[in-house]
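Please construct the entire structure, taking both the sequences and the accompanying hints into account.
2 protein chains.
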Amino acid sequence: MAFAGPEIEQLIQLLSRLPGLGPRSARRAVLHLIKKKDQLMIPLSTALDRAVIAVRSCEICGNVDTQSPCAICADPRRAETGMLIVVEDVADLWALERAGIGAVRYHVLGGVLSPLDGVGPDDLSIEALLARAPQYREIVLAVNATVEGQTTAHYITDRLGPGAPKVTRLAHGVPVGGELDYLDEGTLSQALKARTQI
Amino acid sequence: MAFAGPEIEQLIQLLSRLPGLGPRSARRAVLHLIKKKDQLMIPLSTALDRAVIAVRSCEICGNVDTQSPCAICADPRRAETGMLIVVEDVADLWALERAGIGAVRYHVLGGVLSPLDGVGPDDLSIEALLARAPQYREIVLAVNATVEGQTTAHYITDRLGPGAPKVTRLAHGVPVGGELDYLDEGTLSQALKARTQI
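Here the protein sequences line up with chains A and B, keeping their order.
Its first residue numbered 17, the first sequence is counted upward by one per residue in our numbering.
Its first residue numbered 17, the second sequence is counted upward by one per residue in our numbering.
Be a bit skeptical, because a hint or two may be false.
[As the list claims (entries may be wrong)] Distance condition first, Cα-Cα at most 16 Å in a straight line; then the derived EDC-like pairs of lysine to aspartate or glutamate:
hint, chain 1, residue 1, chain 2, residue 2
1, B, Lys51, A, Glu23
2, A, Lys53, B, Glu23
3, A, Lys51, B, Glu104
4, B, Lys51, A, Glu154
5, B, Lys52, A, Asp65
6, A, Lys51, B, Asp105
7, B, Lys52, A, Glu23
8, A, Lys52, B, Asp65
9, A, Lys52, B, Glu154
10, B, Lys51, A, Asp105
11, A, Lys182, A, Glu154
12, A, Lys51, B, Asp108
13, A, Lys53, A, Glu23
14, B, Lys53, A, Asp65
15, B, Lys182, B, Glu201
16, B, Lys53, B, Glu23
Calculated directly from the structure, the hints in this document are not laboratory data.
Rendered as structure tokens:
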């Protein structure tokens, strides 16, 4: 790509490192940006500059926001339900917020226990969670349904101990709109076990 | 998304307008950027700022570069073959350059004739092409093999007239690595007509 100037080349190279974009789609994106210079490239450049300055991690829950404590931790109505939802990642927090689950607070672990990858309890925000837990009535461990996620959930339950608030996890079952045919056996048997009366 | 600060929201909204990214992948991209602030977000912000200032359209061929005339038009060795390749779009020019087709020059039309979309000859860079054409030995019309592309090729051939340099088009045929089974009948019959001796 020596034919397109170092500034363009570097932009392609950086954009291709975003998830969901490869070298080919990064090139398409850059051409699109150049074509829509006034409507897209300049606003994006300004928005990135602003975000670089403004974005920070919430000192309480680990969410990303432009203020710390974040808007969720700063909202007193969020404390009323007494529910603290523990997630692996900010993406999971955003997914739950999009689902409109109501006035709850979150705690972002920043990952899951994974001895093979060298991720131990000290690499996650677990001590901060233990310190926050007594203020809440219920801790929902909304970690992913993977082996590492479940290990992390067990570890946190152990550390919280018997005197802690109620600890729950998300239900397993058939996804809404899902077809039984395509579901794995584990999910199906869990869904049958947890069946509810109509 | 009122829970993540206006700067983050705007960044997601702008990124989701890039080709290949929807709202969901734009959110993932923004989270990735925030996570890799020093390694990716700040360099990308700087690269975009630089590109906004540096990128321009080549006054001769319509390529995008950080100089005008672009590196291709400014390279005297490119003139030696006397071949001018006419493409619809800068993306096509880049695709041909990646294919390493050698020392050629290009002319970017900026689209194809499309009466239904209100695109006429005056909306394309055709007059500039006619002015450049006499300096070249061969004009290759590398427009897409669509109806609009072929119409545009016919129009340009007509306008160049009989006294012009040799006008050619790309060969139709079986793509390298392609399976006959998956090819349409038009391509197959063209490939048979243009068969070559082994």
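| field | List of violated hint numbers, smallest to largest | value | When the structure is compared with the hints, numbers 1, 2, 4, 7, 9, 15 turn out to be violated.
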